[in-house]
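**Q** Starting from two chains that each stand alone, build the complex the way the hints lay out.
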Amino acid sequence: MDLTIAGIRLDVTEEGYLTDVSQWNEEIAKEIAQKEDIELTDKHWEVISWIQEQVKNEVALSIRGIKKSGVLNIKEFYALFPGGPLKKATKIAGVPKPKSCI
Amino acid sequence: MRIGIILHQEIRSLTNAHISSLNLNTTMKNLLILGAGTSGTMMANHLVKKLPKKEWAITIVDQYKTHYYQPGFLFLPFDIYSEEQVKKTGKKFIPKGVNYIQKKIEQIFPEENKVALEDETVHYDILIVATGSKIAPDETEDLLGPLWHKDIFDFYTYEGALALRNKLRDWEGGKLVVHITEMPIKCPVAPLEFAFLADSYFHKKGMRDKVEITYVTPLSGAFTKPTCTTALTYLLDEKDIKIETDFAIERVDNENKQIIDYADTTVPFDLLVTVPTNMGDEVIERSGMGDDLNFIPTHKHTLQSKEHDNVFVIGDATNVPASKAGSVAHFQAETLTDNIILFTKGYKLKEEFDGHANCFIETGKNKALLIDFNYDQEPVHGTFPFAGIGPLKLLKESIFNHWGKLAFRWIYWNMLLKGIAIPFVSRNMSFKGKVFDIKAEKQHV
Chain A
1 MDLTIAGIRL DVTEEGYLTD VSQWNEEIAK EIAQKEDIEL TDKHWEVISW
51 IQEQVKNEVA LSIRGIKKSG VLNIKEFYAL FPGGPLKKAT KIAGVPKPKS
101 CI
Chain B
103 MRIGIILHQE IRSLTNAHIS SLNLNTTMKN LLILGAGTSG TMMANHLVKK
153 LPKKEWAITI VDQYKTHYYQ PGFLFLPFDI YSEEQVKKTG KKFIPKGVNY
203 IQKKIEQIFP EENKVALEDE TVHYDILIVA TGSKIAPDET EDLLGPLWHK
253 DIFDFYTYEG ALALRNKLRD WEGGKLVVHI TEMPIKCPVA PLEFAFLADS
303 YFHKKGMRDK VEITYVTPLS GAFTKPTCTT ALTYLLDEKD IKIETDFAIE
353 RVDNENKQII DYADTTVPFD LLVTVPTNMG DEVIERSGMG DDLNFIPTHK
403 HTLQSKEHDN VFVIGDATNV PASKAGSVAH FQAETLTDNI ILFTKGYKLK
453 EEFDGHANCF IETGKNKALL IDFNYDQEPV HGTFPFAGIG PLKLLKESIF
503 NHWGKLAFRW IYWNMLLKGI AIPFVSRNMS FKGKVFDIKA EKQHV
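Each protein sequence line maps, in turn, to chains A and B. Residue 2 in the numbering used here sits at position 2 of the first sequence; the count goes up by one each step and never skips. Here the numbering used here = 1-based position in the second sequence + 102.
Since the hints were derived computationally from the structure, they do not count as laboratory data. Here the structure is a predicted model, which is why all the values come from computation and not from measurement. Honestly, I wouldn't trust all of these hints.
List of simulated lysine-lysine pairs, DSS-like, C-alpha gap at most 25 Å [what the hints assert, rightly or not]:
hint: 1; chain 1: B; residue 1: K236; chain 2: A; residue 2: K67
hint: 2; chain 1: B; residue 1: K447; chain 2: B; residue 2: K467
hint: 3; chain 1: B; residue 1: K327; chain 2: A; residue 2: K87
hint: 4; chain 1: A; residue 1: K97; chain 2: B; residue 2: K327
hint: 5; chain 1: A; residue 1: K75; chain 2: B; residue 2: K359
hint: 6; chain 1: A; residue 1: K99; chain 2: A; residue 2: K87
Isolated chain B, as found in the complex (with noise of 0.2 Å):
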């Protein structure tokens, strides 16, 4: 009698844990992020402090160990950073909460809510691309040639950025061509800034006169943004860095140093530095969601996926007119965070996102730029985040910028990838304290 009181309760015990697992396992839905770089590191804290944790659980994957941190392959040529400034391990940056999975990603198949990674299958309630873009040599002809990483570099990889560091320490001078494939690229004004800091980095060494730098673009002028090019094309005088517009390159002549383009154009070199085609992720065109770079149509106010209501894309991953760029995924990763909170209690999504980006431009010898501008407004004029106050200038050089410049790294590391805000830096761009007719504040000047 006892016996089967006590067998009845075990097995009533042991079915409500039955029914009680089947219960989480219907009820718990998961958020999965696709990469692990700035913007999926940001949302993953985000989110972890914002989805109800008995009803999501969220997962993060990416093969790589390695977190960079991009903006600073820009210094590292120079000897300005050294390799450990700019690398960290990724995981330290993954909140407790969130569960991360170090595999590659084989295929999303956003029809069935799923994707292949290298040995399991991992189905989703809500996705998250946030794959970024890289670089792809091999869509120019005989880019990947014998000089490659001989006397043609990129400094969009690490490994490319220390090669040319190395190369750079005992070059003894010659044409140096920085040039820029097609757009669009990752951070649109580095190539710009590298030319700006070679022009610094051989007057310090003492060869600035036997080195002449020239600055290759596919574009009308050297700034992407008309304004710019007006407020700052005197940078390339005073620093005499010529340059050739226009330029779409064709192919790489490696034979006899130069590059030639599509007009039959010829630029030759001594040391190239290049910006190559930057394309979305293989997997997105192994997932046919891409357009011919890889880049997935996103929405680009709510930045929610064109094809499929729940999936989401963020930072260089997407196809909207906005750089691309760490500042940029910053002011994506705020607005998708309220985004993916609305969508998750059927809610309307905020048209919210403006293409808000905020960029410094080395200038090289101590000083920088501050440029700020979305889809819609061109660079300005100004102070920044103060009005009237600053401290820092828009669209004016500076020293206090280059300090700018060189905090953001502590900035990066310690607040932007953990999701915490910046002071006084707003998602949407704000109208305080700049000026929006360049040529009346010409006048003043």
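Only chain A is shown next, with the shape it has when bound in the complex (with noise of 0.2 Å):
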């Protein structure tokens, strides 16, 4: 499916996330932020290179994980991303949507 966010044609999940993320900008996340009513912050944007940097690394992604982050806790990673924390930040940070649904 192809998508144009930030004036770039990107390819994305049928769910909205980026299938490269090589194609990322901060102006992609700003928007795609913007789609989910939240605004970015400074603490935003530590969260999302911490969630870059792991899946980097291969790190699989959980709420379970956050609490070792450093970064933040639990309580403040669902104060900045409402709703589903994990779905939404890894959209923005335009990594894969976890796979923890197995």
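**A** Structure (structure tokens):
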């Protein structure tokens, strides 16, 4: 599926996740966040880079993993990305939706 | 003179005996299996037939006497199965020729190829870790509070399922909440089956109107696989089961009888049936071999440990992204048996295991669904195990599937544990007789 975000034509999944992380940039993140009713603060950006780092190192993302992130606790994570924080944060970070559902 | 000859011969024969016993010790190799649950027992049965007896001694360790038929824990609370139908003495299933040690495992020392038991140390040449997974209710704040096993129950242990059965027998109704704490869990469809069977159970007792059933999950839908959610969500409406998704529990409020999540959403209950966090055994943590949840990093196609070449992991103890279920362990056992033999001969391992799972889902009222999937392939429509014939239908409710699930208890005790191949069911997922485009299938219906 194609989608134009921040003026760039992107490959995305049916749920709107980028299929190619290398296409990601901060403008794209801002626009995806806006659609989710989230305004990105410094703390959001910190979480986004932490998530991207985890994915780069092939560490599986989970709510439990947030406890050990050293960036924020689960409660703060929910406050920053209300609703499904892991789903929303990964979408904004341009990484695949976590497969914690097996 | 004569005496001298005899003495000389005796000394020689003694020396020979001594040398041969030394040879025995140096040439005999040890394969050690930790855990005599579904996976460990299957591996003992497979390997005793395959490993040359003159070269390999097989030992299995488990501290518990009783082997439980865990799929039966789903039926125990509803008085469908009795206590006797879900447990047997584990030793009965360990084959002759395998040394069975009933002791607690203290620690594995993978760098030194040895395992410390409560009062002895066992050395191994090859280790198979089959220590499984279990519930860890202490991971959730106040879950083990005053209501535990009074108004809050698990059904993943024998004790929990039994206590819940006794509670349900006289329960007068109210809010029943069926809840999953976090993934992964053993048998991921079991909580949903529990909700379906509860609907049936209360109907049968003539009190369904007195019970409100809510299904609370950390996932975005009732099913763990998107295709199942598409094909099967109607079941929840049909059974009047409410659903609360994306609920990541923070704590239990025992006083006000409610569960609270990190986003401060609350779900009140009169009776809470929860699946607590599932974790690998503590011995994995003590041995420093696991991840956050004590599951061992394992190569997903060969089942070799990622850290140690002579350590293999099977069943719920692994971190592979397959369902934690007996059917998965059964398929893994076949691949792992071949790989152990290849490993003993110094050959390259087969990268064969594909994550194949095959699960019956009880939907209540004597019907069940059957799903078949692997690492890459979502559950599909079609027939099983024979293309076009079945008799079992994939992703569709049928009475035949329910019989299949009940028959499975016999298969488990009499065939599966003993490592007898189940006819026509292959270790890798078969693509025959299956429809891979669900949308196309729906248009036909």
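**Q** Indicate, hint by hint, whether the structure satisfies it.
**A** Now the hints, each set against the structure:
no. : hint            : result
1   : B:K236 - A:K67  : 21 Å, holds
2   : B:K447 - B:K467 : 52 Å, violated
3   : B:K327 - A:K87  : 16 Å, holds
4   : A:K97 - B:K327  : 13 Å, holds
5   : A:K75 - B:K359  : 21 Å, holds
6   : A:K99 - A:K87   : 10 Å, holds
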